[in-house]
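A.B. asks: Each chain, written out:
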Amino acid sequence: MTSTTPLQDSVAIEAGHGPAGEGHGDFRLFGLATFLVADGMTFAGFFAAYLTFRAVNPLPEGGIYELELLLPTINTVVLIISSFTFHRAGKECRAGQLGASRLWLAITGGLGAIFLAGQMVEYFNLPFSLTDNLFASTFYALTGFHGLHVTLGVICIAIVALQTRPGGRISASDHFGLEAAELYWHFVDGIWVVLYGILYLL
Amino acid sequence: MTLANPSDFDGNLQPQGWLRYLSFSLDHKVIGLQYLVCGFIFYLIGGALAGVIRTELISPISDFVSRETYNEVLTLHGTVMIFLWIVPVVNGAFGNYLIPFYVGARDMAFPRLNAVAFWLIPPAGILLISSYFIAGAAAQSGWTAYPPLSLTTPAAGQVVWILSVLLLGGSSIFGGINFIATILKLRRPGLKLMMLPMYCWAMLGTSILVVLSTPVLAGTLILLSFDIIAHTGFFNPTMGGNVVVYQHLFWFYSHPAVYIMVLPAFGLVSEILPIHARKPLFGYTTMVYSIMAIVFLGLIVWAHHMFTSGTPPWMRLFFTIATSFIAVPTGIKFFNWLATLWGGKIALNSAMLFSCAFIVNFVFGGITGVALAQVPFDIHVHDTYFVVGHFHYIVYGGTVFVIFGSLYHWHPKFTGRLLNEDLGRLHFLLTFVGFNLCFAPQHWLGLNGMPRRVAEYDPAFTTLNQVSSVGALLMAISTLPLLINVVVTAINGKEAGDNPWNALTSEWLTSSPPPVENWHGEAPLVTEPYGYGQHPEEKA
Chain X
1 MTSTTPLQDS
11 VAIEAGHGPA
21 GEGHGDFRLF
31 GLATFLVADG
41 MTFAGFFAAY
51 LTFRAVNPLP
61 EGGIYELELL
71 LPTINTVVLI
81 ISSFTFHRAG
91 KECRAGQLGA
101 SRLWLAITGG
111 LGAIFLAGQM
121 VEYFNLPFSL
131 TDNLFASTFY
141 ALTGFHGLHV
151 TLGVICIAIV
161 ALQTRPGGRI
171 SASDHFGLEA
181 AELYWHFVDG
191 IWVVLYGILY
201 LL
Chain Y
203 MTLANPSDFD
213 GNLQPQGWLR
223 YLSFSLDHKV
233 IGLQYLVCGF
243 IFYLIGGALA
253 GVIRTELISP
263 ISDFVSRETY
273 NEVLTLHGTV
283 MIFLWIVPVV
293 NGAFGNYLIP
303 FYVGARDMAF
313 PRLNAVAFWL
323 IPPAGILLIS
333 SYFIAGAAAQ
343 SGWTAYPPLS
353 LTTPAAGQVV
363 WILSVLLLGG
373 SSIFGGINFI
383 ATILKLRRPG
393 LKLMMLPMYC
403 WAMLGTSILV
413 VLSTPVLAGT
423 LILLSFDIIA
433 HTGFFNPTMG
443 GNVVVYQHLF
453 WFYSHPAVYI
463 MVLPAFGLVS
473 EILPIHARKP
483 LFGYTTMVYS
493 IMAIVFLGLI
503 VWAHHMFTSG
513 TPPWMRLFFT
523 IATSFIAVPT
533 GIKFFNWLAT
543 LWGGKIALNS
553 AMLFSCAFIV
563 NFVFGGITGV
573 ALAQVPFDIH
583 VHDTYFVVGH
593 FHYIVYGGTV
603 FVIFGSLYHW
613 HPKFTGRLLN
623 EDLGRLHFLL
633 TFVGFNLCFA
643 PQHWLGLNGM
653 PRRVAEYDPA
663 FTTLNQVSSV
673 GALLMAISTL
683 PLLINVVVTA
693 INGKEAGDNP
703 WNALTSEWLT
713 SSPPPVENWH
723 GEAPLVTEPY
733 GYGQHPEEKA
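Going down the list, the sequences are from chains X and Y. Taking my numbering, the leading residue of the first sequence gets 1, the next gets one more, and so forth. Taking my numbering, the leading residue of the second sequence gets 203, the next gets one more, and so forth.
It should be emphasised that the hints constitute simulated quantities derived from the structure, not laboratory data. Wrong hints could be hidden among the right ones.
[To be verified] Which bits of chain Y does chain X cover? Going by a derived footprint, with three or more residues having C-beta under 8 Å, they are: (1) 374-385; (2) 405-416; (3) 434-445; (4) 448-457.
Yeah, the Cβ is synthetic: ideal placement off N, Cα and C, and Gly gets one too.
Start from the sequences, fold in the hints, and give me the full structure.
C.D. replies: Following this line, the structure appears as structure tokens:
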């Protein structure tokens with residue numbers, strides 16, 4: 001056989017072109033990365049809108065930009081640590097230590113949940129609500145859209161953790177789900193760092 | 203493993219016969235034709251809406267439909283034609299059908315995602331059109347949905363419009379990811395990037411634009427829906443919001459959207475011209491670089507739509523210069539097409555007629571485009587019919603002509619039968635005359651100050667508007683020979699054979715229609731897709 005690679009045949013098979021039984025090609029991670037570029041552009045649009053609002057549109061009387069810094073800073077640290085714990089989970093998985101990998105995944109998911117809880121506490125203690133002024137609206141839109149991503153990430157981590165159990169879909173040699181979730185999680189963390197910088201520190 | 207005996211797999215699990223076109227098929231050829239037929243149905247709907255517009259504009263007073271209905275009709279016309287006809291067909295239909303052939307693969311990189319991307323389109327289209335009935339009023343703020351207008355028109359229709367466009371944007375992004383992965387990752391061994399047919403390059407560039415710009419529109423529309431539903435004030439000036447930010451974000455997508463509509467047409471025409479002129483495509487390398495230059499420049503010119511939105515002088519200067527620069531790569535492509543035709547053995551069949559007419563129409567639309575990039579001129583004709591005329595010369599005279607040409611060119615591959623040439627030439631004649639009669643007068647109307655998006659106008663503009671409406675009538679009639687042609691060909695068409703055009707690209711190196719796994723056996727390695735006129739028997 002010279003004309004087709006196993007990669008192409010596996011695609012052909014998935015599309016119903018041939019016998020079943022072949023695995024996937026390895027360009028799914030590439031597809032996910034492309035999607036994350038698109039997702040990142042959504043955030044870039046939001047960031048650009050926010051920065052322009054901030055530069056051009058003055059707040060009405062009584063509106064403030066200053067936010068309580070302690071909780072979001074703790075949240076930032078939590079999220080950054082969770083990136084490292086996820087990285088560790090991936091390393092353990094590739095080394096065949098699925099039990100250890102599952103433990104690190106649980107820690108990562110826990111840290112994600114802590115982040116979401118912290119976000120909720122912050123929401124309840126803010127001095128403004130969604131429609132108070134332009135900054136308030138933008139704040140909720142940005143953090144809310146990011147929070148949605150974290151929620152999705154925590155769900156993915158839970159699924160991946162379950163799949164690392166004995167007999168699950170993930171093994172040392174076949175662990176696309178884990179790698180995809182890891183890439184996505186690093187992306188969500190990276191977005192948060194930018195968001196923290198322009199929303200809280202600026 | 204090898205597909206040693208592909209005929210073993212012909213009886214696969216997918217539905218067979220015409221029913222598979224209504225199924226969640228994962229075959230890229232089925233999905234491509236699903237896009238094509240679905241898009242054409244929406245073309246007829248969008249065309250009927252255009253018919254309402256042109257009927258209303260026969261007389262200077264508002265007499266055919268109410269003003270609100272007129273606004274709904276023009277909003278639906280723009281949205282249907284852009285998001286449900288041109289983008290799905292020129293990308294989704296021909297892209298899905300041809301790209302796997304061109305890269306020597308048996309399907310797209312993500313067949314399931316591909317099917318999902320298609321099946322988002324019919325519900326989104328039905329949702330959009332049904333907003334007139336379910337919400338009592340369809341969106342009325344044009345395809346641009348500029349706030350504050352979109353915040354003051356009936357909210358339900360506008361929200362349904364946003365939802366529909368979000369679904370279509372999602373479909374477009376999924377498609378773009380699939381094309382990028384297929385072109386970059388799924389090429390058969392030995393096929394280098396610079397051996398790919400030009401349509402692959404065009405789709406790669408288009409998909410990069412889709413992935414980078416569509417999400418920005420999605421985010422913007424989400425913010426707009428917050429303004430409508432939750433009464434936030436992002437784009438509401440009375441609440442301290444900023445309408446110009448909407449315009450920037452909207453055009454950051456919608457200017458590249460013009461290239462998303464027209465770059466694939468550049469690619470398709472680059473496939474058709476060499477085959478029917480029996481000459482290699484002139485300047486392959488410069489074609490590739492000019493596509494990439496258009497992609498890059500296309501992302502940094504959006505504010506030329508906003509010269510009257512209070513943009514500061516430095517911004518006007520930058521965007522005027524950047525926009526004018528696009529004429530350079532576009533001009534390179536134009537001269538390359540002419541050089542491809544020069545001295546060729548041209549077979550002036552329907553596919554070629556539409557493709558050559560594309561060159562004529564597009565150069566006219568391109569010249570008015572450069573004129574519009576100049577601030578003093580733009581301020582004079584902003585929001586007039588000049589812009590409407592220019593835009594239709596690009597998307598109809600450019601892209602839709604290429605879609606029709608491609609239909610005549612690839613129909614034998616799709617079905618195994620050649621479309622009737624006499625009906626095809628009649629279709630071309632009616633379309634070409636009707637199109638120019640409809641849209642050329644709009645440039646005069648615009649220069650004389652007739653604003654766009656109005657149901658009533660100064661009686662001085664009556665004659666030119668009536669000429670334009672006659673052109674629209676001819677365009678409506680022109681779809682009849684096409685429809686008759688497709689039906690007649692299906693019943694009693696001439697057998698095409700595998701390769702009726704003696705083409706070299708790999709979709710022709712298989713049976714018509716192709717088998718499920720694309721080739722009977724190994725995928726061919728086409729290193730010179732445009733090597734026409736190189737063989738001794740062809741020289742004469």
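A.B. asks: Run every hint past the structure and note whether it holds.
C.D. replies: Structure-based check of each hint:
no., hint, result
1, 374-385, "holds (count 6)"
2, 405-416, "holds (count 4)"
3, 434-445, "holds (count 7)"
4, 448-457, "holds (count 3)"
Violated hints are absent here; each numbered hint is respected by the structure.
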